[in-house]
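Asker: Let the hints inform the model, and build the full structure from the sequences given.
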Amino acid sequence: MLSKRLVSTAAICLALAAGTAACGSATSDGKAGSAQKLDTGKLSAQDIEKQAKEALASATSLKMAGTVDTGDGAMELNLTMDNKSQCTGTMAMPGMGKFEIISDGKTSYVKPDTAFWTAVGGPNGAKAAELFKGRYLTGFESDPSMGSLTKVCNLADFSKKIADGKSSGDKVEKGSAGDVNGVKTFSLKSTDSKGEVTTLQIATEGKPYPVRIEHAGAKDGNGKIDFSEFDKPLTVQVPSADSTIDFTKFKDQLKTA
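Under mature numbering (1 follows the signal peptide of the UniProt record, and there is no 0), the residues of the sequence shown are numbered -17 to -1, 1 to 240, in order.
Calculated from the structure, these hints are not laboratory results.
Be aware that a few hints might be false.
Stated by the list, open to error - Simulated crosslink set (DSSO-like; lysine-lysine; CA at most 27 angstroms straight-line):
| no. | residue 1 | residue 2 |
| --- | --- | --- |
| 1 | Lys46 | Lys207 |
| 2 | Lys20 | Lys215 |
| 3 | Lys116 | Lys81 |
| 4 | Lys33 | Lys177 |
| 5 | Lys232 | Lys110 |
| 6 | Lys81 | Lys207 |
| 7 | Lys46 | Lys232 |
| 8 | Lys167 | Lys25 |
| 9 | Lys232 | Lys89 |
| 10 | Lys207 | Lys154 |
| 11 | Lys143 | Lys110 |
| 12 | Lys46 | Lys89 |
| 13 | Lys172 | Lys25 |
| 14 | Lys157 | Lys134 |
| 15 | Lys143 | Lys67 |
| 16 | Lys33 | Lys154 |
| 17 | Lys157 | Lys46 |
| 18 | Lys134 | Lys20 |
| 19 | Lys172 | Lys202 |
| 20 | Lys134 | Lys67 |
| 21 | Lys215 | Lys177 |
| 22 | Lys157 | Lys202 |
| 23 | Lys134 | Lys89 |
| 24 | Lys207 | Lys177 |
| 25 | Lys154 | Lys177 |
| 26 | Lys143 | Lys215 |
| 27 | Lys172 | Lys67 |
| 28 | Lys67 | Lys215 |
| 29 | Lys25 | Lys157 |
| 30 | Lys20 | Lys116 |
| 31 | Lys157 | Lys33 |
| 32 | Lys232 | Lys134 |
| 33 | Lys20 | Lys177 |
| 34 | Lys33 | Lys46 |
| 35 | Lys134 | Lys116 |
| 36 | Lys215 | Lys232 |
| 37 | Lys167 | Lys143 |
Unchecked claim - Just the calculated beta-carbon pair ranges, DEER-fashion:
| no. | residue 1 | residue 2 | range |
| --- | --- | --- | --- |
| 38 | Thr174 | Pro216 | 20 to 30 angstroms |
| 39 | Gly117 | Lys202 | 33 to 43 angstroms |
| 40 | Lys232 | Gly54 | 51 to 61 angstroms |
Virtual Cβ for every residue (Gly too), placed ideally from N, Cα, C.
Answerer: Laid out in structure tokens, this is it:
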């Protein structure tokens, strides 16, 4: 049950990206640069969107934080990733607690909290929470039920899904100037054939990274995610060996917990 929940969470994160036009953030230090400015008056909505996608594709790292409606409640995510498939952060699901994710680009680690273990462990939930308390699961990259989780940390895959996610029939319109977390922005609104609306806030100074994306009108997948810390070097500290447990051993121990 644990693997199913984790993979579905990863899928939700990527599904939001796949169903929208683009995502992004401010410059690496959180301040817009002065050498480049988005000419929203002359550019068409399509041109602005194209520049945002190109900016995202060039990013070496980013941080995303926000909430996504899963149908059962709001999922919260706070993840930082780079183009080396390194990442660190947390994800939480309604009524199921939270788990931490760490990846150094080669090996991934997941540490659920007590509430998560209790929720997913079924009859053995309480025992599992105590047995695995404070420990990270690892060694699951080749497991077919868990491998998809590592895609959450793949910036290139994330960027590609965003760039390819919009249907050719979607209507994109220019919005207005705004401000997101101190970054000057300009909005684009994309409406698909189902009436689902994606609003994108794009930085107008410095690289045109989109700094916020909001999705509405869907049965699930609605939500708001902010992007920041673009191109900021990411340093990952992997867990010590004595604080990890191999995924295969974990499955065996959970059966007898």
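Asker: All hints, please: hold or fail.
Answerer: Verification of the supplied hints:
| no. | hint | verdict |
| --- | --- | --- |
| 1 | Lys46 - Lys207 | holds, 14 angstroms |
| 2 | Lys20 - Lys215 | holds, 21 angstroms |
| 3 | Lys116 - Lys81 | holds, 13 angstroms |
| 4 | Lys33 - Lys177 | holds, 23 angstroms |
| 5 | Lys232 - Lys110 | holds, 16 angstroms |
| 6 | Lys81 - Lys207 | holds, 19 angstroms |
| 7 | Lys46 - Lys232 | violated, 32 angstroms |
| 8 | Lys167 - Lys25 | holds, 17 angstroms |
| 9 | Lys232 - Lys89 | holds, 20 angstroms |
| 10 | Lys207 - Lys154 | holds, 20 angstroms |
| 11 | Lys143 - Lys110 | violated, 41 angstroms |
| 12 | Lys46 - Lys89 | holds, 20 angstroms |
| 13 | Lys172 - Lys25 | holds, 17 angstroms |
| 14 | Lys157 - Lys134 | violated, 32 angstroms |
| 15 | Lys143 - Lys67 | holds, 15 angstroms |
| 16 | Lys33 - Lys154 | holds, 14 angstroms |
| 17 | Lys157 - Lys46 | holds, 26 angstroms |
| 18 | Lys134 - Lys20 | violated, 33 angstroms |
| 19 | Lys172 - Lys202 | holds, 19 angstroms |
| 20 | Lys134 - Lys67 | holds, 12 angstroms |
| 21 | Lys215 - Lys177 | violated, 37 angstroms |
| 22 | Lys157 - Lys202 | holds, 25 angstroms |
| 23 | Lys134 - Lys89 | holds, 12 angstroms |
| 24 | Lys207 - Lys177 | holds, 19 angstroms |
| 25 | Lys154 - Lys177 | holds, 11 angstroms |
| 26 | Lys143 - Lys215 | holds, 20 angstroms |
| 27 | Lys172 - Lys67 | violated, 31 angstroms |
| 28 | Lys67 - Lys215 | holds, 13 angstroms |
| 29 | Lys25 - Lys157 | holds, 11 angstroms |
| 30 | Lys20 - Lys116 | violated, 50 angstroms |
| 31 | Lys157 - Lys33 | holds, 13 angstroms |
| 32 | Lys232 - Lys134 | holds, 23 angstroms |
| 33 | Lys20 - Lys177 | violated, 34 angstroms |
| 34 | Lys33 - Lys46 | holds, 21 angstroms |
| 35 | Lys134 - Lys116 | holds, 25 angstroms |
| 36 | Lys215 - Lys232 | violated, 36 angstroms |
| 37 | Lys167 - Lys143 | holds, 25 angstroms |
| 38 | Thr174 - Pro216: 20 to 30 angstroms | violated, 38 angstroms |
| 39 | Gly117 - Lys202: 33 to 43 angstroms | holds, 37 angstroms |
| 40 | Lys232 - Gly54: 51 to 61 angstroms | violated, 33 angstroms |
In summary, the structure is inconsistent with hints 7, 11, 14, 18, 21, 27, 30, 33, 36, 38 and 40 from the numbered list given earlier, while agreeing with the others.
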